[in-house]
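With the hints as extra help, turn the sequences into a complete structure.
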Amino acid sequence: MSRYLRPLIVPAGAIALSLVVGAIVIWLTSPLVTRGGFDLMLPFTTYWALIRGSLLSVNALVDTAVQAAPLILVGLAVGLPFKAGLFNIGGQGQLLAGAVTAAAVGAMMSNSDPLVAVPAVLLVGMLAGALYGFLPGFLKAYTGAHEVVTTIMLNYVGIQIVAWAITGPLRDPASSFARSGDVGNAALPALFNAGGGHEAHLGILLPVVAVPLLWWLLYRSTIGFEIRTVGANPDAARYAGMKPRRLVIFAMTLAGALAGLAGSVQIAGEIHYMTAAYSTNIGFAAITVALLGRAHPIGILFAGLLLGGMQAGARLMQVEAGVPLQMVDLLQGVILFFLTAELIVRYVFRVRAQTGGLVEEVQTVTRTYGGQTTAP
Amino acid sequence: MADDVASATGGRVTAPALEMRGITKSYPGVRANDHIDLTVRPGEIHALLGENGAGKTTLMNVLYGLAVPDEGEILLDGLPVRIAGPSDAIARGISMVHQHFMLVPVLTVAENIQLGLESMAGPVFINRGAAAEKIRELGRRFGFEVDPDERVGRLSVGWQQRVEILKALYRDARILVLDEPTAVLTPQETSEIFAVLRRLRDEGHSIIFISHKLYEVLEIADRITVIRRGRVVGERLPGETNEYDLAELMVGRQVQLTVDRGESHPGEIVLSVSSLAAKNDRGRLAVEDVSFEVRAGEIFGIAGVAGNGQDEMVEAIVGLRSPSGGRITLAGEDVSSADARGMHQRGVSFVPADRQRFGLVLSYPVADNIVLTDYYDPPYSSGLIMNQTAIRERAEEAIERFDVRTPSASVSAGTLSGGNQQKLIVAREFDRDVRLLVLDQPTRGLDVGSVEFIHRQAIAKRDAGTAILLVSAELDELLELSDRIGVMYRGKLVAVVDGPAANREDIGLLMATGGTQPAQAA
Numbered sequence: 000m001s002r003y004l005r006p007l008i009v010p011a012g013a014i015a016l017s018l019v020v021g022a023i024v025i026w027l028t029s030p031l032v033t034r035g036g037f038d039l040m041l042p043f044t045t046y047w048a049l050i051r052g053s054l055l056s057v058n059a060l061v062d063t064a065v066q067a068a069p070l071i072l073v074g075l076a077v078g079l080p081f082k083a084g085l086f087n088i089g090g091q092g093q094l095l096a097g098a099v100t101a102a103a104v105g106a107m108m109s110n111s112d113p114l115v116a117v118p119a120v121l122l123v124g125m126l127a128g129a130l131y132g133f134l135p136g137f138l139k140a141y142t143g144a145h146e147v148v149t150t151i152m153l154n155y156v157g158i159q160i161v162a163w164a165i166t167g168p169l170r171d172p173a174s175s176f177a178r179s180g181d182v183g184n185a186a187l188p189a190l191f192n193a194g195g196g197h198e199a200h201l202g203i204l205l206p207v208v209a210v211p212l213l214w215w216l217l218y219r220s221t222i223g224f225e226i227r228t229v230g231a232n233p234d235a236a237r238y239a240g241m242k243p244r245r246l247v248i249f250a251m252t253l254a255g256a257l258a259g260l261a262g263s264v265q266i267a268g269e270i271h272y273m274t275a276a277y278s279t280n281i282g283f284a285a286i287t288v289a290l291l292g293r294a295h296p297i298g299i300l301f302a303g304l305l306l307g308g309m310q311a312g313a314r315l316m317q318v319e320a321g322v323p324l325q326m327v328d329l330l331q332g333v334i335l336f337f338l339t340a341e342l343i344v345r346y347v348f349r350v351r352a353q354t355g356g357l358v359e360e361v362q363t364v365t366r367t368y369g370g371q372t373t374a375p
Numbered sequence: 000m001a002d003d004v005a006s007a008t009g010g011r012v013t014a015p016a017l018e019m020r021g022i023t024k025s026y027p028g029v030r031a032n033d034h035i036d037l038t039v040r041p042g043e044i045h046a047l048l049g050e051n052g053a054g055k056t057t058l059m060n061v062l063y064g065l066a067v068p069d070e071g072e073i074l075l076d077g078l079p080v081r082i083a084g085p086s087d088a089i090a091r092g093i094s095m096v097h098q099h100f101m102l103v104p105v106l107t108v109a110e111n112i113q114l115g116l117e118s119m120a121g122p123v124f125i126n127r128g129a130a131a132e133k134i135r136e137l138g139r140r141f142g143f144e145v146d147p148d149e150r151v152g153r154l155s156v157g158w159q160q161r162v163e164i165l166k167a168l169y170r171d172a173r174i175l176v177l178d179e180p181t182a183v184l185t186p187q188e189t190s191e192i193f194a195v196l197r198r199l200r201d202e203g204h205s206i207i208f209i210s211h212k213l214y215e216v217l218e219i220a221d222r223i224t225v226i227r228r229g230r231v232v233g234e235r236l237p238g239e240t241n242e243y244d245l246a247e248l249m250v251g252r253q254v255q256l257t258v259d260r261g262e263s264h265p266g267e268i269v270l271s272v273s274s275l276a277a278k279n280d281r282g283r284l285a286v287e288d289v290s291f292e293v294r295a296g297e298i299f300g301i302a303g304v305a306g307n308g309q310d311e312m313v314e315a316i317v318g319l320r321s322p323s324g325g326r327i328t329l330a331g332e333d334v335s336s337a338d339a340r341g342m343h344q345r346g347v348s349f350v351p352a353d354r355q356r357f358g359l360v361l362s363y364p365v366a367d368n369i370v371l372t373d374y375y376d377p378p379y380s381s382g383l384i385m386n387q388t389a390i391r392e393r394a395e396e397a398i399e400r401f402d403v404r405t406p407s408a409s410v411s412a413g414t415l416s417g418g419n420q421q422k423l424i425v426a427r428e429f430d431r432d433v434r435l436l437v438l439d440q441p442t443r444g445l446d447v448g449s450v451e452f453i454h455r456q457a458i459a460k461r462d463a464g465t466a467i468l469l470v471s472a473e474l475d476e477l478l479e480l481s482d483r484i485g486v487m488y489r490g491k492l493v494a495v496v497d498g499p500a501a502n503r504e505d506i507g508l509l510m511a512t513g514g515t516q517p518a519q520a521a
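In the order they appear, the protein sequences are chains A and B.
Sequential numbering of the first sequence, starting at 0, is according to numbering that gives the first Met the number 0.
Sequential numbering of the second sequence, starting at 0, is according to numbering that gives the first Met the number 0.
Keep in mind that the hints were calculated from the coordinates and are not lab data.
The structure displayed is predicted, hence computed values, not measured ones.
There's no promise every hint is true.
What the hints assert, rightly or not - Listed next, the in silico EDC-like pairs over lysine to aspartate or glutamate satisfying Cα-Cα at most 16 Å (straight line):
| hint | chain 1 | residue 1 | chain 2 | residue 2 |
| --- | --- | --- | --- | --- |
| 1 | B | K133 | B | D171 |
| 2 | B | K133 | B | E110 |
| 3 | A | K242 | B | D338 |
| 4 | B | K212 | B | D171 |
| 5 | A | K242 | B | D373 |
| 6 | B | K212 | B | E451 |
As the list claims (entries may be wrong) - If you want the footprint, here are the derived chain B segments under chain A, 3+ residues with CB under 8 Å:
| hint | segment |
| --- | --- |
| 7 | 336 to 344 |
| 8 | 361 to 373 |
| 9 | 377 to 386 |
Ideal Cβ positions, reconstructed from N, Cα and C, are used throughout, including at glycine.
What follows is the structure, encoded as structure tokens:
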């Protein structure tokens, strides 16, 4: 088998199996939807609606791109640390840090020239995310504090910071409920408006820039070589005179910047203000994206498009098939399950494991989760 | 030949304890075993000799039920059997003592021996008393009593090996497979283990002894089967063969077992270490007051049982560990505080002991591994940008010049054999302007052909005026190459002897005792 196709087997298998599991769940619950007994065809109706809602119209494509953009950016923020042997579960917190900062600066610059305001909002979001990623990176490098623990904690800290900021200093006095001011001129300009609220904003171009840039960084630059070496074999990296501490900090900081950028895109591109209860599951879905894309920037691009498409098609699915929106989350969860339980996929599709069995990223997950940083 | 053996075992002619007939096993692309016949009699030490990749491991996996042969049959005591897996093999009295011990250091001897053995467990609790008694009794019977309640981590490597053997005996093994049992032992420990093995043999056990150390095989074996590229290429009795004959069978061509080292011409001092001290990872002093000098064009050997501070000393010298005291100078310059890259840039090359852990990134292509220590320098990169073309050209040239057997420069280093992985490191570290070459166990686990190659390269480097620091657990290697040999014991350099005049036994004694017992004629 071609060495380019081989890495695709497990992700493709995980998707296929999740569709089967999803179909069984849809079929078993179909009496609740149709109120008239089991509907054998309901899974097909559901998936067809999902496809139409994500691909088969201009509106659908616009929605998919808009949904996919932040997933890809945060997916890169999880995938890059994977390459350095780190498991960044803090995409969520880093995204929130970027979002709340973007909301603050956006509200302040709502009357400024868009040519200044838009780059400013994107940039401060990146910086805030970078700082939020730097923290666990620094703690890991100099105190050994485990990034899984610190990033999970910082996710909660992020939620509380948002709640405090929006009810406190950032609260828009003109509004009757707790929310920040509108970003006004700092909103990302529309590239294309398909009408009916289907608008493609500038944010969808960011992955187009970020993916090739990150690919180049990882596979064509010396720093990427160092990051990958630290991830693949930290002892060999030290032997080769690399500086693992600096690389850990760099990878986490850059990851934070990407997730923070996604946060600015959400605020300045989508909702234009922030509420105290602002919530999203992008930070967690991004873990699925990174694993499905096998931590490779190109893979993450396609995985982000897939999950973004599922989010985009969910509404049509609910309308046409009567299956609740949450079905999409279930599918994502099952995909993640099969990705980490890779052996099941290999067994079902009779694929022999490559040397070492588990894919590297999953190894990083299991290894880092067990609290060990190097294999014994 | 059968008569010889029959007389050796006291005239009893019984069915072979083990007979493997026509074992054939193919993996994609290779025929690992090609109609191999192996007959092991009761009360016999049977050596299985072959280079890495010759098919020894596959054959033993077949015997142990880990691999299903495509063809062939296995007979135990003359009866054909089908071995379903390791637990089945153990139940039939076949046990393996692995090269890397499968012992849990924090558990006691008795706990390790019982590990995985359900029969000794009651419904809830393990029956400790009975097990301890049985272990003591086995020890008495075979002449190596060990305290069942001692933690394995506190035992020396030689005793850990005995625990592995006890583990097999505890399971009533009649056929013991020992995979390179002496790789980690000192000469003294080796002869002690040999005594144990002879005792086992005399009690009627059959032992399959896997090794590629020729003189050991000649010393211990009753019969020798040599395999090469999956086939049996010869059977010998130790009395009718010698090291050259065996080496030729093993490699398939004439091999020079000892490289003609020629004369060395030591020049000015390159490396000077004075009163060096270094701590290990747990913060304890592992190297104490070590002083020596290595001159250009000279090979300075360091002997010692593994774990006596050699690793920490080497790491301190190459900049991977900060010394806690003393001075290191390179050609007059104080480099005590230089880091690994600083040392590399000053012309220090380092071949680490654990090539898979330190020397290579196994998942990387051969080409990336070739530039692992100088990827940041032109022509391989300029600033941030790596030059893939230059890297590939360098890799192809190195593969050619150092005879690294690989399908291409783009396959991952992990797919190469151990010998070729080491050649890859040698190509990277030797093939540049080197002032000091630090070789830590450069030939550990390698086959005869690769050892010969690496020794030749080292001699060539020496002749070109490089100072070489050679750390090895293989006394033969040190004696063969070194101009002077220092012996390390518990972190100290306890003696420095003249290489060509050095005596095996004296150095072995120094390694084992640090010279507290007076070595004869030292």
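How the hints compare with the structure:
A C-alpha spacing of about 11 Å is found between K133 (chain B) and D171 (chain B), which places the hinted pair at or below 16 Å, so the restraint holds. A hinted pair counts as satisfied when its Cα atoms are at most 16 Å apart, and K133 (chain B) with E110 (chain B) qualifies at roughly 13 Å. For the proposed pair K242 (chain A) and D338 (chain B), the alpha carbon gap of about 10 Å is at most 16 Å, so the pair holds. A distance of roughly 28 Å separates the Cα atoms of K212 (chain B) and D171 (chain B); the hinted pair therefore is violated under the 16 Å criterion.
At roughly 14 Å between alpha-carbon atoms, K242 (chain A) and D373 (chain B) fall within 16 Å of each other, so this suggested pair holds. As the CA atoms of K212 (chain B) and E451 (chain B) are separated by approximately 13 Å, the hinted pair is consistent with the 16 Å bound. Counting residues of the segment 336 to 344 of chain B whose CB falls under 8 Å from any CB of chain A gives 5; the rule of at least 3 is met. By the rule of at least three residues with a Cβ nearer than 8 Å to a Cβ of chain A, the coverage given for the segment 361 to 373 of chain B holds, with 6 such residues.
For a cut-off of 8 Å, the count of residues in the segment 377 to 386 of chain B with a CB near a CB of chain A stands at 5, and the three-residue condition holds.
Going through the hint list in order, the structure does not satisfy hint 4, though it satisfies all others.
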